[in-house]
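**Q** In case you want the letters, here they are:
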Amino acid sequence: METFGFIIILLIIAIPIYLLKRFISRKISQGVDNAFNSISAHRKNKQYQQQGPQNLADRFAGAQAQQPQQPAQQQPQDPQNPFNG
Amino acid sequence: MVWIILFIVVVMGITLAVLLPGAIEDGKKRKAALASGDLIKRNPSFYKDKEFFKANIQDQDAFFNALSEAVKRTQVCSFSGNYNSSVVYRGNRGQWSASLVRLQSDDGSVMFSFGLSNYTSGGRTESMQLARMSMDLNFLLTAIEKTFVQFDPQTQVNVQAINFKTHY
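Those protein sequence lines, which keep their order, are chains A and B.
45 is the number of the first residue of the first sequence in this note's numbering; add one for each residue after it.
39 is the number of the first residue of the second sequence in this note's numbering; add one for each residue after it.
With the rest of the complex left out, here is chain A (with noise of 0.2 Å):
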């Protein structure tokens, strides 16, 4: 009977510790990765705007002949709608 009521002890004591765990974890991991997505989303959008707006049909052709795409000179201001402006 001991031996039960300390196991129910030791249940109640260890599952909220088990779960605020995971759950900081979780958080830390979820920050992690969004602060890292932001960083590179942000480097990789500044090195498409200098691109700007390309031929679609030289995807096809590059992929054709294995050759990499020259970038157009133009360049976007809007973000939300890179052809306007």
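Don't take each hint at face value.
[To be verified] When the alpha-carbon atoms are kept at most 27 Å apart in a straight line, the in silico DSSO-like pairs for lysine-lysine are as follows:
1. Lys88/B to Lys90/A
2. Lys90/A to Lys110/B
3. Lys203/B to Lys71/A
4. Lys88/A to Lys110/B
5. Lys203/B to Lys90/A
[To be verified] Residues from chain B shown here face chain A by an in silico Cβ test under 10 Å; the list is partial:
6. Ala93
7. Cys115
8. Asp190
9. Thr204
The hints are simulated quantities; they were obtained by calculation from the structure and are not laboratory data.
Backbone N, C-alpha and C fix where the C-beta goes; we use that ideal spot for every residue, glycine too.
Given chain A's structure and the hints, the job is docking chain B onto it.
**A** Same frame as chain A, but now just chain B:
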């Protein structure tokens, strides 16, 4: 002790026997599709980008029909919605969805944005799930791009990185 090792070996063997044929089949399918032009070799993280298409298309109904047919032929997703506003594609394998959204344009051209909207992964086969999603999304994107080029060879494309958020 011997039984434990034997058990682990058997479990690993069963896992490999289940997963390996699928991976080999995907590899063959990818190779054939690259050769036939149904797939384009892309950056491994292309699914983190959003594409903006701008095309001059006279017969828009024919274009939308061709787009639907091209997407159906890929057999990688089901879709719902209207090409005059937005269409949502849901992957047949794995939990992913992508959307093609029609944008306003001032000069009468047809403008769309395409990107992955949602992707759920997890478990021990996460990298395999990601590879499958990536391949299926590539099939879908290639079909959409080919249709654009077919109707307007001068279609312009612009790329933006998506700022994804992770949720547990």
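**Q** So, for every hint listed, does it hold in this structure?
**A** Structure-based check of all given hints:
no., hint, verdict
1, Lys88/B to Lys90/A, "holds (14 Å)"
2, Lys90/A to Lys110/B, "violated (35 Å)"
3, Lys203/B to Lys71/A, "holds (12 Å)"
4, Lys88/A to Lys110/B, "violated (32 Å)"
5, Lys203/B to Lys90/A, "holds (20 Å)"
6, Ala93, "holds (8 Å)"
7, Cys115, "violated (21 Å)"
8, Asp190, "holds (9 Å)"
9, Thr204, "holds (4 Å)"
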